[in-house]
Amino acid sequence: MGRSPMMRCIYVDDEEGLLEVAKEFLELEGDISVDTVSSVETALKLLSGSTYDAIISDYQMPEMDGISFLKRIRSEGKDIPFILFTGRGREEVVIEALRCGADHYIKKGGDPMSQYAELANLVRQTVRRKEAEEAIRYNAIRFRALIENTRDLVTIIDWSGYIIYSSPSTKNALGYNVDEIRGRSIFNYLHPDDRYIEDILMYVAQKDKCGLPAEFRLLAKDGGYRWFRGSASGYLDEKDKRQVILYAWYIDDRKSVEDELVARDRAYQGIMEHLDEMVFMLDEMGRFLMANDALCDFLGRSRDSLMGVPVTDVASPVSQDLMFSVVMGKLNGHHARSKHIYQVVDGRGADVEVEVASSVMVANGLKCILGVAVPRGRSPPSGSRAM
7 MGRSPMMRCI
17 YVDDEEGLLE
27 VAKEFLELEG
37 DISVDTVSSV
47 ETALKLLSGS
57 TYDAIISDYQ
67 MPEMDGISFL
77 KRIRSEGKDI
87 PFILFTGRGR
97 EEVVIEALRC
107 GADHYIKKGG
117 DPMSQYAELA
127 NLVRQTVRRK
137 EAEEAIRYNA
147 IRFRALIENT
157 RDLVTIIDWS
167 GYIIYSSPST
177 KNALGYNVDE
187 IRGRSIFNYL
197 HPDDRYIEDI
207 LMYVAQKDKC
217 GLPAEFRLLA
227 KDGGYRWFRG
237 SASGYLDEKD
247 KRQVILYAWY
257 IDDRKSVEDE
267 LVARDRAYQG
277 IMEHLDEMVF
287 MLDEMGRFLM
297 ANDALCDFLG
307 RSRDSLMGVP
317 VTDVASPVSQ
327 DLMFSVVMGK
337 LNGHHARSKH
347 IYQVVDGRGA
357 DVEVEVASSV
367 MVANGLKCIL
377 GVAVPRGRSP
387 PSGSRAM
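Heads up, the sequence shown is in the numbering used here, so the first residue is 7 and it goes up one at a time.
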């Protein structure tokens, strides 16, 4: 959509002397190229076979005046910028030209240098404005095609929360036709526990800021609620009215999986907490990720004080090297499952022999070690095995 560095114009005037002068002045700065013709008929032939960025035309010409030329151009569907040269005292011509679609006009006469400098500036302004308008139209078409075909929700609301536009995907996501919700408040569809979203959207609308992302629920036509994650951005429309565009995507499937994983993790943690054995998990650097109550009680330390601490910190000096080599060896692919005996400092400060059975596992894509520790002289319950 970008324009070429050189703006190409065609200038039509039956006074050939003026054509040469105008061409020389307009091409002075090197960004405008001018083809000159002395008749509308010749201009029409050139326009049918070549592309121009602007037309400059005299008004008073023998075979066809400038306004008739303009009407011919517009009747063919061409919206190329058109600048009309008129004589002084021809206000009625100016009015008619603008009514027929001229972009600008210049009255002939006066200092040629000033007149053609003004003409060159008008050419630049008009061409750039036309290109900007085309870019806006092009982007608007692309944007509409995007939101009309997206599976996600695209909703535009006014500053008070009323829905101005909702994408067709609303039907699949919530069951509503777009006409059913247009003109209604988006807050009517928010879950009561998610009303904080209202404050965020209103802040975004008033400050022209970006807000969210956040997760929230919207009321579907069947009476149930659907989970979405969304972000919002405030802006001023072409009439300087504040609006918010809300972009949201459906996460019910992911939400249910996450909830299941959270529930499973909580159940797993609950089981770990009630085991008599000391259970722990180490990260890829051999630091505590998890420790159950039995281990914390044995070591005389709180769970928070253990998190992120190297496991070798709880070992007696005589066992630290062995513990370090075993842990690093496991994480590097050696001895995936094994049992070892270490001396560990308990909560009283005494060295106690502990038998540790451990296994390498992968959690969230990262290697870690899951271990069970039992003080020596105490047997694991029947049926237990090294992990």
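Hints may contain errors.
[As the list claims (entries may be wrong)] In the DSS-like style, the derived pairs of lysine-lysine whose C-alpha atoms are separated by at most 30 Å in a straight line are: (1) LYS29 to LYS136; (2) LYS114 to LYS177; (3) LYS373 to LYS345; (4) LYS114 to LYS51; (5) LYS247 to LYS177; (6) LYS227 to LYS245; (7) LYS136 to LYS77; (8) LYS51 to LYS77; (9) LYS245 to LYS136; (10) LYS247 to LYS136; (11) LYS177 to LYS227; (12) LYS29 to LYS84; (13) LYS114 to LYS77; (14) LYS84 to LYS177; (15) LYS84 to LYS114; (16) LYS51 to LYS177; (17) LYS136 to LYS177; (18) LYS113 to LYS136; (19) LYS136 to LYS84; (20) LYS227 to LYS84; (21) LYS136 to LYS227; (22) LYS345 to LYS247; (23) LYS113 to LYS84; (24) LYS77 to LYS113; (25) LYS51 to LYS29.
[Said to hold, decoys possible] Restraint ranges, calculated between C-beta atoms of paired labels, are given here: (26) GLU30 to GLU97: 22 to 32 Å; (27) LEU52 to ALA151: 30 to 40 Å; (28) SER237 to GLY55: 26 to 36 Å; (29) GLU204 to ASP310: 52 to 62 Å.
What the hints contain is simulated information worked out from the structure, not anything from laboratory work. Each residue gets a CB set at the ideal place from its N, CA and C atoms; glycine is no exception.
Verification of the hints:
no.	hint	result
1	LYS29 to LYS136	holds (22 Å)
2	LYS114 to LYS177	violated (60 Å)
3	LYS373 to LYS345	holds (19 Å)
4	LYS114 to LYS51	holds (26 Å)
5	LYS247 to LYS177	holds (28 Å)
6	LYS227 to LYS245	violated (33 Å)
7	LYS136 to LYS77	holds (19 Å)
8	LYS51 to LYS77	holds (16 Å)
9	LYS245 to LYS136	holds (20 Å)
10	LYS247 to LYS136	holds (25 Å)
11	LYS177 to LYS227	holds (9 Å)
12	LYS29 to LYS84	holds (24 Å)
13	LYS114 to LYS77	holds (21 Å)
14	LYS84 to LYS177	violated (40 Å)
15	LYS84 to LYS114	holds (26 Å)
16	LYS51 to LYS177	violated (52 Å)
17	LYS136 to LYS177	violated (38 Å)
18	LYS113 to LYS136	holds (22 Å)
19	LYS136 to LYS84	holds (12 Å)
20	LYS227 to LYS84	violated (48 Å)
21	LYS136 to LYS227	violated (45 Å)
22	LYS345 to LYS247	violated (71 Å)
23	LYS113 to LYS84	holds (24 Å)
24	LYS77 to LYS113	holds (20 Å)
25	LYS51 to LYS29	holds (20 Å)
26	GLU30 to GLU97: 22 to 32 Å	holds (30 Å)
27	LEU52 to ALA151: 30 to 40 Å	holds (35 Å)
28	SER237 to GLY55: 26 to 36 Å	violated (50 Å)
29	GLU204 to ASP310: 52 to 62 Å	violated (37 Å)
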